[in-house]
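**Q** Sequence:
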Amino acid sequence: MAGGRVLKLRFLLLQTAVSFGVSGAVAGLFYNSPWGMCSLPASFYLTGAVLQKHRQKKTLGRLNLEFKDYIYAVSGALCAGYSIERAFVTGLQDIRQLYGEDSLLAEQLDAMEQRLGIKEPIEHILSDFAKKSGSEDIENFVEIFCYAKRGGGDFIHIIATTISRICDKIEVSEEIHTVMAEKALEQKIMCAVPLGILLFFRATSPEFIGRLYGNLLGIGIMSAALLLYGAAWFLGMKIVEIEV
828 MAGGRVLKLR FLLLQTAVSF GVSGAVAGLF YNSPWGMCSL PASFYLTGAV
878 LQKHRQKKTL GRLNLEFKDY IYAVSGALCA GYSIERAFVT GLQDIRQLYG
928 EDSLLAEQLD AMEQRLGIKE PIEHILSDFA KKSGSEDIEN FVEIFCYAKR
978 GGGDFIHIIA TTISRICDKI EVSEEIHTVM AEKALEQKIM CAVPLGILLF
1028 FRATSPEFIG RLYGNLLGIG IMSAALLLYG AAWFLGMKIV EIEV
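Numbering (the working numbering), first residue to last: 828 to 1071.
Check the hints yourself; a few may be wrong.
[Stated by the list, open to error] In silico BS3-like pairs for lysine-lysine, Cα to Cα no more than 30 Å straight-line:
id, residue 1, residue 2
1, K835, K958
2, K880, K1015
3, K880, K996
4, K835, K885
5, K959, K835
6, K895, K835
7, K880, K1010
8, K946, K958
[What the hints assert, rightly or not] Computed spacing ranges between beta-carbons, pair by pair:
id, residue 1, residue 2, range
9, A1019, D995, 32 to 40 Å
10, M1007, R923, 14 to 22 Å
11, T886, V1020, 27 to 35 Å
12, L1012, L892, 21 to 29 Å
13, G1037, C994, 53 to 61 Å
14, G851, F1027, 14 to 22 Å
15, L1044, L892, 48 to 56 Å
16, Y909, A1059, 53 to 61 Å
17, S1000, G1023, 29 to 37 Å
18, R923, L1026, 29 to 37 Å
19, D937, S860, 46 to 54 Å
20, F847, Y974, 26 to 34 Å
21, L841, M1007, 19 to 27 Å
The hints are simulated quantities; they were obtained by calculation from the structure and are not laboratory data.
Bear in mind the structure is a predicted one, so any value in this text is a computation, not a measurement.
Heads up, the beta-carbon is just placed ideally off N, CA and C, and yes, glycines get one too.
Construct the entire structure; sequences and hints are all you get.
**A** The structure is reproduced here in structure tokens:
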């Protein structure tokens, strides 16, 4: 619980710092006025959405990686003759040893042993975990597992298939990330160029660009430019972001 509060506080501080930076850039480059800081609420909201999405994507990737190792351990325990319930508990202990106290999987399945101790069905525990995880791979595995348990399926084969699928997905994601890394860098540079040009004019020809500040026409033009720039920035992020 304390670790979760620390992470939330760090995220809030990062969001606040980035929001002030964005609003400061808007006020200085687009309006040349402290009144531009009125964009702070909007930048705080948008920054939070972008950072939250990035964090969720990173967390989901880490969770899938831990889950792959987890079902590896479960598969080994089943091959060694453990019961299904005991195999899942043993796999969780292996994950704790492998990833330590920072394990996302162990944190989400922390109550598994207690719930199994009161004879709660493993299907209910895994179903609750799958809903909280937000991972399509985990949800598919749990759904197939629950059907197989009720119908007496081959658990070792199901787990092996799941491991293969997650490994393939991770491999494809890494390949896409490698291929798109150059394009993502180009997108970031292209987003920085308009701000660089504006800053260049502000530094070298203030009388030339000064006509855009301090009057209604200039405020309208710069506001339209800011909206177009923001839309282009978000569109560029969508283009280089490929989901597997």
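**Q** Could you work out which earlier hints the structure fails to respect and list their numbers in ascending sequence?
**A** When the structure is compared with the hints, numbers 10, 18, 20 turn out to be violated.
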